[in-house]
Every structure is written in C-alpha cells, then in structure tokens.
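Colleague: From first to last, the protein sequence lines stand for chains R and B. So the first sequence is numbered by this note's numbering: it starts at 14 and just counts up by one. So the second sequence is numbered by this note's numbering: it starts at 14 and just counts up by one.
Don't read these hints as lab results, they were simulated from the structure. Mixed in with the good hints, there may be bad ones.
For chains that are exact copies, the list does not tell them apart, and a pair is met inside one copy or across any two.
Derived pair list, reagent style SDA-like, types lysine to any residue, alpha-carbon separation capped at 25 Å [as the list claims (entries may be wrong)]:
| # | residue 1 | residue 2 |
| --- | --- | --- |
| 1 | LYS37 | LEU162 |
| 2 | LYS206 | HIS363 |
| 3 | LYS206 | PRO55 |
| 4 | LYS206 | TYR325 |
| 5 | LYS313 | GLU130 |
| 6 | LYS469 | THR213 |
| 7 | LYS313 | ASP69 |
| 8 | LYS348 | THR213 |
| 9 | LYS469 | GLY397 |
| 10 | LYS326 | GLU130 |
| 11 | LYS73 | HIS352 |
| 12 | LYS348 | LEU414 |
| 13 | LYS448 | GLU281 |
| 14 | LYS73 | GLU431 |
| 15 | LYS448 | LEU384 |
| 16 | LYS348 | GLN65 |
| 17 | LYS448 | SER400 |
| 18 | LYS388 | LEU162 |
| 19 | LYS37 | LEU159 |
| 20 | LYS114 | GLU132 |
| 21 | LYS206 | GLY488 |
| 22 | LYS469 | GLN65 |
| 23 | LYS444 | ASN79 |
| 24 | LYS348 | ALA74 |
| 25 | LYS37 | SER272 |
| 26 | LYS313 | ASN79 |
| 27 | LYS103 | GLY119 |
| 28 | LYS388 | ASP354 |
| 29 | LYS114 | GLU130 |
There are 2 protein chains.
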Amino acid sequence: MAAGKSGITPRSEDYSSWYNDVIKQAGLSDHSPVRGCMVIKPYGYAIWERVQSVLDGMIKATGHQNAYFPLFIPMSFLTREAEHVEGFAKECAVVTHHRLKAGGEGEAAVVVDPAAELEEPLIVRPTSETIMYSVFADWIESWRDLPLLINQWANVVRWEMRTRPFLRTAEFLWQEGHTAHETLEEAEAEVRKMLDVYATLAEDYMAMPVIKGRKTEAERFAGALHTYCIEALMQDGKALQAGTSHNLGQNFAKAFNVSFTGREGKVEYAWQTSWGVSTRLIGALIMTHSDDNGLVLPPKLAPIEVVVIPIYKSDEDRDLVLGASAELARACEGKIRLHIDDRDQFRPGHKFFEWEKKGVPIRLELGPRDLKENKVVLARRDTGEKSPVSRDGLLEHLVGLLGEIQANLFQRALEFREQSTRRASNYDEFKQILKEHRGLVQAHFSLDPEWEERIKNETKATVRCLPIDAELPAGAQCIFSGAEAKSDALFAIAY
Amino acid sequence: MAAGKSGITPRSEDYSSWYNDVIKQAGLSDHSPVRGCMVIKPYGYAIWERVQSVLDGMIKATGHQNAYFPLFIPMSFLTREAEHVEGFAKECAVVTHHRLKAGGEGEAAVVVDPAAELEEPLIVRPTSETIMYSVFADWIESWRDLPLLINQWANVVRWEMRTRPFLRTAEFLWQEGHTAHETLEEAEAEVRKMLDVYATLAEDYMAMPVIKGRKTEAERFAGALHTYCIEALMQDGKALQAGTSHNLGQNFAKAFNVSFTGREGKVEYAWQTSWGVSTRLIGALIMTHSDDNGLVLPPKLAPIEVVVIPIYKSDEDRDLVLGASAELARACEGKIRLHIDDRDQFRPGHKFFEWEKKGVPIRLELGPRDLKENKVVLARRDTGEKSPVSRDGLLEHLVGLLGEIQANLFQRALEFREQSTRRASNYDEFKQILKEHRGLVQAHFSLDPEWEERIKNETKATVRCLPIDAELPAGAQCIFSGAEAKSDALFAIAY
C-alpha cells in the first residue's frame with residue numbers, strides 16, 4: 014500500500030495514488046486553500062512554458078494572432094446560443110457583488126457589501142465564445158475582414174465537483190483559438206488544420222501518439238456543428254481527450270450577429286471555429302511516460318534536458334570537476350538545456366534520486382577519476398542505462414541521444430497503445446475486453462444515441478471518437494444492434 | 014475639436030481624446046461589453062508580448078522562477094494583514110455562487126441558483142500576497158529553503174470607478190514577483206535589484222527615462238514597510254507610476270505564518286518582497302513617444318521594426334518589387350522584425366498612413382525605378398525624414414538606424430523631462446509652477462502627512478517619490494512648513 018522510499022506508490026498497486034505521488038515528488042503542483050484550484054509549482058509551470066512556447070510558435074506560423082478578452086461574461090450572454098447555455102451555464106463561478114465593507118471582528122472583519130450588488134451577474138469565463146463573438150461582430154464588416162484568426166492564452170473556470178491535479182481543476186490554463194470565415198469549407202479546413210497542429214504537438218513534442226477523430230453528437234461541444242479531437246491512451250488503459258477543435262457552423266454567428274457583406278454584396282453570417290488545449294496536457298504527459306521511479310519527460314518538453322552532477326571530496330577535486338562542468342555548460346549553451354547541480358549541502362546520491370523523480374532525460378556524473386580518463390558517466394532516464402562515455406564529441410553525442418530518447422519514448426507509447434487496442438465483434442466480446450484489459454476498443458457502430466447511452470451506463474466506456482483514418486467495410490453491421498453501421502468507432506473508459 | 018483625416022485629435026486640442034484616438038487608430042485595444050474591462054487587440058497584445066519576453070528574461074536571469082497560483086482568494090484571507098485589508102478589501106469582484114439554473118424566457122433563461130451559495134465568498138485576486146503566502150508557509154521550513162524567488166504572470170481585477178484603456182482598467186495583465194528571505198537586508202537588496210530591473214526595462218527598452226525613488230507613507234503599498242517605484246513624465250506634464258517594488262518586512266509573514274528554522278535553530282519569520290508591472294506600461298509607452306500622426310514605438314518593443322511597402326503598377330513591376338522584398342526579408346530573418354505589406358487591395362498611400370499610425374519605426378518603399386538604381390526609399394517614424402538609401406549594406410544600415418532611433422527616442426524624452434523639471438523654493442512658487450507648466454516639481458519637504466494631504470487637496474499634486482539619487486543640503490528647510498526638511502521630494506499631478 015505505502016509508497017517506498019521514493020515516496021511513490023507503485024503503479025501496480027494504485028495508479029491514482031501513483032499519479033498524485035509523481036506530481037508531489039517531482040514538484041509539479043500543490044494543493045491550494047481554494048477548493049478545486051491547484052498551485053502550479055515552478056517545475057510544473059516550466060513544462061507548461063515549454064508547451065506554450067512550442068504551440069504558440071505553431072499557432073502564429075499558421076497565421077493566427079494573439080489577443081486578450083475579458084475574464085468576465087455578462088450572464089445573459091450565455092443564454093443566446095441555445096445549446097451552449099445547456100453545456101456551460103451550469104457549474105460556474107458567479108460574480109454578484111463588486112465591493113466588501115467593514116464587518117465584525119477577526120475573520121469577519123470584512124463582509125460582502127449588499128449595496129454593491131451588480132445589476133447583471135458576471136460569469137467567470139468557462140470558455141470565451143460568447144464574449145469574443147460579441148466583439149467580433151464589431152470587427153467584421155466585409156468579406157475583406159475575413160478570415161479573422163485569433164488566439165488567446167488565458168485562465169478559465171469550471172466549477173468541477175471532483176478535481177484532480179492537471180486533469181480536472183476548477184481553474185485551469187489554456188489557449189483558445191477563435192476564428193471566423195467566409196465559407197463552411199474554409200471553417201472546416203481551419204478546424205482540421207488546427208487538429209493537425211495539436212496532433213503534431215502531441216506526437217512530435219510530447220512523444221504521445223494520438224488518434225484523430227470526430228466526436229459523436231453526445232460528446233460534441235455545446236453549440237458546435239461537430240467536434241474533432243485527439244485521443245491518447247494512458248498507461249492504465251484509460252483514454253484521455255488531449256485537444257478539441259470545433260466547427261461551430263453559423264450557430265454562434267447567428268446568436269451574436271457576426272455577419273459580413275459578402276463578395277456579391279449580400280449580408281451573410283460568418284462560419285466560425287474554436288479549438289483549445291489546456292494544462293490537462295501535463296496530466297497526459299505524466300501518464301504516458303512516467304514510471305515507478307517518478308516523472309519521465311520527453312527531451313523536447315523537458316525544462317532541463319541534461320543535469321550535471323559534480324562528484325568530489327577534496328577541494329582540489331571540486332575545482333577540477335566544477336571547472337569541467339562549466340566548460341560543458343558553455344559548449345551546450347543555446348543547444349541543450351543543461352543544469353549543473355552544484356549544491357554543496359546534498360550528496361550525489363540524493364541528487365540522482367531527485368532528478369530521477371523530476372524526469373530529466375539525461376544525467377551526467379562528473380568525477381575526478383573519470384575526468385582524468387577523459388570520460389563522464391551518462392545515465393538515461395528512459396531506460397535506466399548507465400555507462401561511461403568519452404568527453405570527445407560529447408555535445409554531439411548528447412544531441413543525438415536526446416533525439417534517440419525522444420523517439421524511444423514515442424515508440425514505446427505507440428507499441429503500448431497498439432497492444433492495448435482491440436476490435437470487438439459483438440457486445441459480449443466488447444464487455445469482456447473492457448473488463449479484462451480496458452484499453453481502446455474498436456467497433457462498427459450504428460451511432461444510435463440510445464445504444465451509446467446504454468453502453469456508457471453498462472460499461473462506463475464512451476465513444477472517444479470516430480477515427481478519421483478508419484475505414485468501414487461495405488455492408489458492415491453495428492456490433493451492438495445489428496443495424497447498419499455508420500462508422501467505425503473507438504470506445505474506451507476515459508479520464 | 015474634431016480629429017483630422019487621420020482620425021486623431023491633435024494633442025494641443027485635447028490630450029485625453031488624442032490618447033484614445035491613437036489607441037483606436039493603431040488598433041491597440043477596444044471596448045468590451047463588460048464595464049471597465051477592455052479587449053486587447055492583436056497589435057496591442059503583440060507589444061505586451063514584447064514587454065513580457067524582455068522582462069521575463071530579466072526576471073529569470075536574476076534567479077526567479079515562474080509559477081501559477083489560484084485566481085480566487087477566500088474573503089477571510091484579506092482580513093489577516095491589517096493594512097492590506099484597508100487597501101484591497103474594497104472595490105473588488107466577489108464570487109458568491111457556483112451555479113446557474115434555468116429561469117424564465119429569453120435573456121432571463123438562466124438565473125443565479127440561490128441553492129449554490131458559497132460558504133465563504135471568494136475574491137477575484139486584486140494582487141496575490143495573501144493567497145501565495147498562505148502556500149509559501151508550507152513550502153518554507155528551514156533557512157535552506159530561502160530565498161524563495163517566485164514570479165507570476167496573471168490577470169488581476171480591481172473594480173475601478175473610472176477606467177481608461179491600459180492606464181486603469183478593472184481587469185489588467187501583469188507580473189507579480191513574490192519572494193521570501195532570511196534577513197531584512199536580503200529583502201531590501203531584492204527590492205532594489207528588481208527596481209533596477211524595472212528601470213532597465215523602462216529606459217533601455219521602452220526608451221522612457223524614469224526616476225527611481227521611495228514612496229511616502231501615504232502612497233506606499235498597503236501592508237508594506239516601504240515601497241520603491243519608477244516614475245515617468247508623460248507629454249502632458251503628468252507623472253505616471255510605471256512600476257513598484259515593495260519591502261514587506263515581516264508583516265505578511267506574521268499574518269500567514271511564513272516562518273523558518275534559522276541557522277541557529279530558532280524559528281523566525283521570513284522577510285518578504287513583492288514587485289510588479291502591468292499592461293499600464295503600454296499606456297506609458299503611448300504617452301511618452303507618440304505624436305499627432307499616431308503611435309511611435311521604440312524599435313526594441315515594436316512588433317514590426319521595418320515595414321516594406323512594395324510599389325508597382327504593372328505585373329512585371331510587381332514581380333520585380335515583390336522579389337526584391339522577399340530577398341530583403343530573407344536577409345533580415347532572425348535579425349530584424351520585418352513585415353512586407355503585400356495586400357493588393359490597398360494603395361501605397363493608404364499603407365503609409367496605416368503603418369505611420371501603428372508607429373512602425375522604419376518604412377521602406379520599394380519601387381521599380383529605385384530598384385533599378387539599386388536604391389530604396391526609407392522613412393523614419395521618429396523624425397519623419399524620408400530619403401533614398403542604397404541596397405548595398407542595407408541590413409547593416411537598418412540595424413544601425415534602429416539603434417539610432419531607439420537612442421533618439423530616449424534622448425528626446427529625457428530632454429523633455431529635464432525641461433519639465435523645476436525646483437520650487439516656496440509654496441507660492443510651487444503652485445505657480447504647477448499652474449503654468451505642470452511637470453515635475455522638486456522641493457525640500459518635511460514629509461509631514463498633513464502637509465502632503467493639504468498640497469494634494471489644493472494643487473492635485475502628490476509626492477511621486479523621494480528620489481534615491483537626491484541629495485539634501487545640510488540644514489535644508491521644508492519649503493511648505495519651514496520645518497526641518499527630511500528629504501528632497503518630487504511632486505507632480507499624476508495619472
């Protein structure tokens with residue numbers, strides 16, 4: 014039951030405890046005094062900054078511009094789009110007053126001033142379609158103003174009942190893209206383009222294989238025509254939605270009067286999209302690669318790619334070893350994110366342990382004896398291998414090895430996902446697979462919402478997506494109802 | 014009265030209208046449907062991203078780490094530090110409920126669910142001392158955990174009655190640094206170090222000269238021992254506080270039990286600091302350099318340093334000119350932020366006008382005749398000078414000229430400030446200076462709070478700061494009361 018000396022419960026014992034332990038031991042986040050809200054600690058935030066840096070570059074390279082819209086949304090805005098209100102006007106933070114006043118003694122020294130009630134309550138944004146599109150309506154007049162391609166990095170709040178660090182928190186950080194186009198076709202192309210951007214972020218940077226697909230009606234975004242997503246498989250056999258891209262059609266444009274004078278002089282409603290990923294990705298990262306010794310980070314998103322541990326006893330050795338460390342740091346500058354752990358108050362063993370828990374891809378041990386032989390000891394976090402390497406050509410070796418580790422992590426995760434993906438040919442088999450293995454279950458499906466609901470109630474599995482790449486054989490039957498199958502579907506129990 | 018064809022009211026007519034017009038014409042911000050909250054438009058946000066990028070680098074280079082703390086603060090937290098509650102538990106956004114429910118028809122379709130009232134109201138952070146330090150208390154155990162050097166980039170909300178874009182908005186973006194130290198001396202060194210970082214940002218990047226000084230008791234941060242600031246002078250003779258750095262002493266440490274076991278084994282309270290700058294800096298930038306033709310940006314913070322306007326009539330010329338533009342862009346890549354305005358639907362004159370209003374430091378006009386002579390036409394935004402320059406060595410010329418423009422803007426602003434700084438030797442003179450010139454007024458001052466209040470009431474001028482560099486002659490008398498002067502003080506009417 015208890016975590017070992019690493020403070021980390023083995024995954025085989027309790028995956029959920031393992032997850033919390035990894036976060037704690039790696040210093041990624043902490044509890045806060047506010048229900049459902051976490052503190053993102055410096056090391057966790059540094060990973061998020063890496064994600065932001067990579068993704069922001071891709072968002073700008075695809076022609077989008079960053080902007081910033083208000084945190085607050087007038088309550089009435091939520092009512093304007095009929096489906097959106099169902100999805101988002103529920104558990105949210107409601108600002109009703111704008112002033113406190115002096116009260117009693119101690120903690121009651123201030124109270125809400127009843128005289129300062131707002132005429133209309135404000136909602137802390139759970140997502141920004143409504144507030145943004147009310148402004149887009151002013152920005153767009155003619156087809157010449159289109160496409161409008163906006164992105165926002167922001168905090169959002171959804172009052173969740175059950176929260177878990179990174180995966181589901183009342184407040185979280187994200188980016189939300191919001192665009193407006195002349196035609197449905199352009200909007201659809203945008204939605205698919207950003208889905209590809211998310212897949213690139215996931216696979217090429219997070220080393221996390223994803224399946225691109227479309228959501229069923231039951232799972233799509235409230236107010237969208239349809240929603241695309243990237244889905245990943247976690248080590249415990251549960252799926253995780255890592256990013257979504259919505260084709261909003263003209264639904265919000267009609268609700269917020271986002272219209273333009275078209276090329277033929279006719280006033281038309283814009284075709285819109287929205288798409289987002291959040292700090293949830295850090296949860297996905299943890300559950301894709303980490304092990305019983307702690308976090309494992311893919312080099313491209315690691316705040317520190319190589320940590321150097323100087324090993325010495327005498328002052329003379331100390332000078333030698335720290336000198337060699339500094340020399341290496343200079344050689345790596347601008348090429349590798351390298352950190353020298355020169356803290357005197359900790360022994361090397363303590364440091365090994367700490368950086369292992371923090372998932373740094375490569376550890377270098379610099380000791381006087383090795384240095385005299387022109388060597389250093391190199392340990393890989395992904396495989397645990399440890400061996401001496403020559404200092405000649407060390408930078409090139411490190412660069413190459415970081416690439417190899419990145420590729421290895423992706424390959425390992427891909428193999429796990431492939432081994433964990435099974436096809437069911439009838440409902441009994443479907444249930445059996447979920448019971449025995451969890452994982453991803455492929456099935457020909459009629460898309461009947463009643464069956465979807467029943468499957469969810471009976472197995473907890475949901476349609477994660479209708480994979481874009483999936484092919485449906487001619488005449489295929491739904492494995493549940495026997496009716497005509499409309500799509501190949503990917504089911505899983507999900508986070 | 015009216016703005017000319019540029020849409021910009023001349024400064025001599027109405028400085029306040031000029032300010033709003035520059036913002037509108039440059040596309041920096043827009044109104045929002047939420048009272049007191051603005052939308053930061055892409056071009057305005059791009060300037061903020063430049064500020065963030067520069068400042069974040071300096072904050073990290075001085076050893077700080079970014080983290081993220083909750084948006085919400087339990088109401089009772091504000092009461093714990095006696096002065097802080099006075100300063101911040103007033104006009105703020107109060108979250109009292111966490112759910113909406115179905116209501117009537119139309120805009121009343123949702124209402125606040127009275128059953129979902131929070132046990133304790135939450136305040137949307139006006140600043141994060143209280144929420145952060147309640148967590149710091151858990152992070153700090155021993156002197157080995159110090160110094161703790163944290164920074165956060167975030168949105169904050171202060172329910173302001175009168176708002177102006179960038180200068181004073183209900184929600185704004187900022188960074189807030191929060192640190193904890195072993196000794197008062199270390200905390201004081203930190204506060205001064207970050208004041209210097211802010212002065213470097215202002216002078217070396219914003220090209221805005223600032224005076225470093227200390228606030229009087231009346232103007233210091235609620236809960237601080239003392240507050241340092243950088244003060245700048247705007248074109249209309251009003252001062253603007255551009256950044257603050259607070260030595261919090263042990264005030265918050267005692268309120269939130271931020272304590273540590275010291276080197277001698279005794280439990281002590283930590284010495285803390287906080288410091289911040291906000292999107293207000295963009296308002297300062299506008300009012301330091303811009304003119305009646307629109308925004309003027311210092312090159313180092315300009316999202317676009319050089320804009321290229323291709324000039325052509327025939328298709329043949331178009332190919333020639335766009336080819337030369339692309340060649341120049343390639344040469345500048347990674348060295349100069351260059352943009353080619355190749356929009357076909359606008360004429361060159363329209364583009365000149367637009368980029369002038371957006372304050373791009375250098376405009377290049379590429380026309381076929383000039384190109385045949387191996388020349389381009391270069392226009393400087395700061396001086397309005399326009400002349401042909403050779404394409405040979407153009408990149409080096411541009412790099413050099415951008416440096417020259419940066420230096421010129423600073424020098425111009427510095428000369429204006431020096432001309433606008435006057436010393437008063439008695440109260441009549443003091444009032445006369447403010448009436449005739451506004452500007453900065455230096456005066457030997459007793460620091461008597463009653464006089465400070467009276468001066469404010471009678472002249473609207475406040476003590477902007479007690480300049481760090483100021484020298485007080487031996488035996489100097491207060492120009493107001495005739496009592497012994499305690500400091501040289503800088504007065505001004507302020508934003």
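Colleague: Since the copies are identical, ignore which copy is meant and state whether LYS444 and ASN79 lie within 25 Å (CA to CA) inside a copy, between copies, both or neither.
Modeller: Result: close neither inside a copy nor across copies, 46 Å intra and 46 Å inter.
Colleague: For LYS448 and LEU384, with the copy left unspecified, which applies at a CA distance of at most 25 Å: within, between, both, or neither?
Modeller: For LYS448 and LEU384, the Cα distance exceeds 25 Å both inside one copy (54 Å) and across copies (74 Å).
Colleague: Please work out whether the CA atoms of LYS326 and GLU130 approach to 25 Å or closer within one copy, between two copies, in both situations, or in neither?
Modeller: Neither: 67 Å inside a chain and 62 Å across chains, both beyond 25 Å.
Colleague: Is it within, between, both or neither when you check LYS206 against PRO55 at 25 Å Cα-Cα?
Modeller: between (32 Å within a copy, 21 Å between copies)
Colleague: Please work out whether the CA atoms of LYS114 and GLU130 approach to 25 Å or closer within one copy, between two copies, in both situations, or in neither?
Modeller: both (13 Å within a copy, 19 Å between copies)
Colleague: At 25 Å max between alpha carbons, let me know whether LYS206 reaches GLY488 within a copy, between copies, both or neither.
Modeller: neither (31 Å within a copy, 73 Å between copies)
Colleague: Regarding LYS114 and GLU132, is the shortest C-alpha distance of 25 Å or less found within a copy, between copies, in both, or in neither?
Modeller: both (19 Å within a copy, 18 Å between copies)
Colleague: Treating 25 Å as the Cα threshold, decide for LYS313 and ASN79: within, between, both or neither.
Modeller: both (24 Å within a copy, 19 Å between copies)
Colleague: Reference check for the pair LYS206 and TYR325, CA-CA at most 25 Å: within, between, both, or neither?
Modeller: neither (53 Å within a copy, 34 Å between copies)
Colleague: Between copies, within a copy, both or neither: which fits LYS448 and GLU281 at Cα up to 25 Å?
Modeller: neither (51 Å within a copy, 56 Å between copies)
Colleague: Please work out whether the CA atoms of LYS73 and HIS352 approach to 25 Å or closer within one copy, between two copies, in both situations, or in neither?
Modeller: between (30 Å within a copy, 14 Å between copies)
Colleague: Which holds for LYS469 with THR213 at a C-alpha limit of 25 Å: within a copy, between copies, both or neither?
Modeller: neither (30 Å within a copy, 59 Å between copies)
Violated hints, in rising order: 2, 4, 5, 6, 9, 10, 13, 14, 15, 17, 18, 21, 22 and 23; the structure is consistent with all others.
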